[in-house]
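Visitor: Construct all of the structure, not just a fragment, from the sequences and the given hints.
Top line first, the protein sequences correspond to chains A and B.
Going by the numbering used here, the letters in the first sequence line up with residues 188 to 492, in that order.
Going by the numbering used here, the letters in the second sequence line up with residues 10 to 281, in that order.
Keep in mind the hints are simulated off the structure, nothing from the lab.
A quick note: this is a predicted structure, and the numbers were derived from the prediction, not measured.
Accuracy of the hints is not assured; some may be wrong.
Unchecked claim - Derived pair list, reagent style DSSO-like, types lysine-lysine, alpha-carbon separation capped at 27 Å:
(1) A/K479 x A/K364
(2) B/K208 x A/K217
(3) A/K364 x A/K273
(4) B/K90 x A/K323
(5) A/K364 x A/K460
(6) B/K15 x A/K323
(7) A/K217 x B/K277
(8) A/K367 x A/K273
(9) A/K318 x B/K217
(10) A/K364 x B/K162
(11) B/K208 x B/K277
(12) A/K397 x A/K191
(13) B/K208 x A/K318
(14) A/K318 x B/K132
(15) A/K189 x A/K342
(16) B/K15 x A/K318
(17) B/K277 x A/K318
(18) B/K15 x B/K132
(19) A/K364 x A/K455
(20) B/K38 x A/K342
(21) A/K323 x B/K208
(22) A/K318 x B/K244
(23) B/K90 x A/K318
Stated by the list, open to error - Every beta carbon over 10 Å from chain A, so not counted as near; a handful from chain B, in silico:
(24) H49
(25) G64
(26) S85
(27) L173
(28) K208
(29) P222
(30) G246
(31) L254
Heads up, the beta-carbon is just placed ideally off N, CA and C, and yes, glycines get one too.
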Amino acid sequence: MKIKTTQIDNTFAEAFKMYGSRIIITAETKEWAMAAAQSVTGFATSVIGCKCEAGIEREIPAEESPDLRPAISVLFFAMDSESLGKRLMERIGQCVMTCPSTACYNGIDEGNGVIVGGQLRYFGDGYQISKRIGEKRLWRIPVMDGEFLVDDVFKTKEAVGGGNILILAKDQNTALKAAKAAVKAMRCISNIILPFPNGVVRSGSKVGSKYKALIASTNDEYCPTLASLVEKTEIDDGINSVLEIVIDGLTLEDVENAMRVGIEAAIKPGIKKISAGNYGGGLGQYQIHLHKLMGNEKKTNASSS
Amino acid sequence: MPLHLKLHTKPDVPLEADCICPDIVQSLKNNEISALTVFHGNDQVQLADFFECKGTFDGEIIIDGDLENIKHIGASMSFGKIIVEGNIGLHTGACMRGGEIRIEGNASDWLAAEMLGGKIIVKGNAGHMTGSGYRGSSVGMQGGEIIVHGNVKNETGHVMRRGLIAVGGDSGDFTGVNMLAGTIIVLGEMGIRTGAGMKRGSIISFNKASLLPTFTRNCEYHPSFIKFYVRYLEKNGFSIDSSYLDSPFERWSGDSVEINRGEILLSKYKNK
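Guide: This is the structure we're talking about:
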């Protein structure tokens, strides 16, 4: 399939079942809420090395937020509900509770409950106060600027991680511009995050390594500098730079939507090919086929090759 | 279609009608409901002697008429909804466990006494001992929500242990007396001796209050949980002037004659 001058590979993105959670961080100003959100999502690009994946989903205006203050919505993903609960406890405790004027609320209605505020409350050393509002229990933990308000329980639900697209460009500058455009378009989709820096990853990985201790290593098929060295390469003539965008979402549909709008936005002159990463279909629970995905777009933009 | 009970004869003395409760009428036919026993003073009579019974119970009971002398309506109810189209008498929703009672007029004393769960909304005023414990009880309200749009009288939330009482108008003396935990929000003014003997719990007022000398001032700050409550109450039809929320609250701890873990939060909006 070819859209404009860009080839869409007949392949699929291999995505995985993960567990996701949404937290809502509020603060006196948007800047403080953002500071906490950036801190809590730090070092959370890949479950391989960071134990979880996290990112900022969107800003929430004060009138829509739980306590009528500016808010930021953050999504977290991990391989199981229990470990996700641990990550939430650690990160909310270290990065949100520590940030001036913030409060932190659960942002998902359904799913398994993991106790977060119910553990963080012990920081209050006996001065913590519980408040029950409707079905919700909140903890008020005394801190030096007032109180840190946090939900007792956060919900985790089955989600989808590892949706991805690969942008193969004539040069690095073109790849960066296309990736930036794709990220901008994808961030308009709800329920997804792009966990890598600015949403983009350059060090795509394959499973395994020549070194036994490593479970993943560089995706040599897509490394331009190895084009003539490896047995199999995806680097065709004219391709000199590849960037990947990884998408985690609360549902498969959200991930598919994000991939679709991302591909549409990334198609530009100089983008030779759009592909997707997979492991042969043997690892992930979901296969998102690019041709099927882009077949849903307007026919005026697409032409089959 | 809801069960409709219309008062056709006003009782001379208080009528104890704790049978007007979803838990009791749910499996009964209208003639059986009409035959339910009520106490008129110390006389055992039938519900039909005072109420006309129409409709079919579908989870909701609508009660109509001058009900100021009718007691114990919705007492111990665990589900469903009762709508009172006017004023209501003593002990309404006492020991209620679930469901909702909506009172379009005023409620008398002992509203939701020793309530365990559910919700009561009063569009008018409520009397003394709203959400309180009975005399001799060490624990009063243990859950649920009481939302009174008007005023309440004395000893609101007496020995309250859990739950929420929100008052749109003023409260009388001894608001939250001997309170163990829970939350009382008063948008209007509170009477004297607020929180006397309280152990834990929160009393929040958007007005000035004269506090007992056994309460000590901690600080002035912006408690974000109050905004959370405001948002929740607004969803339940309670309107709060948003200008209150931008002002800080003064936090007072007490009662030091007890364990001193209770708090009274007073908005600085009208205390400047």
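Visitor: Please list, smallest to largest, the hint numbers that this structure does not respect.
Guide: 2, 3, 6, 8, 10, 12, 15, 16, 20, 27, 31
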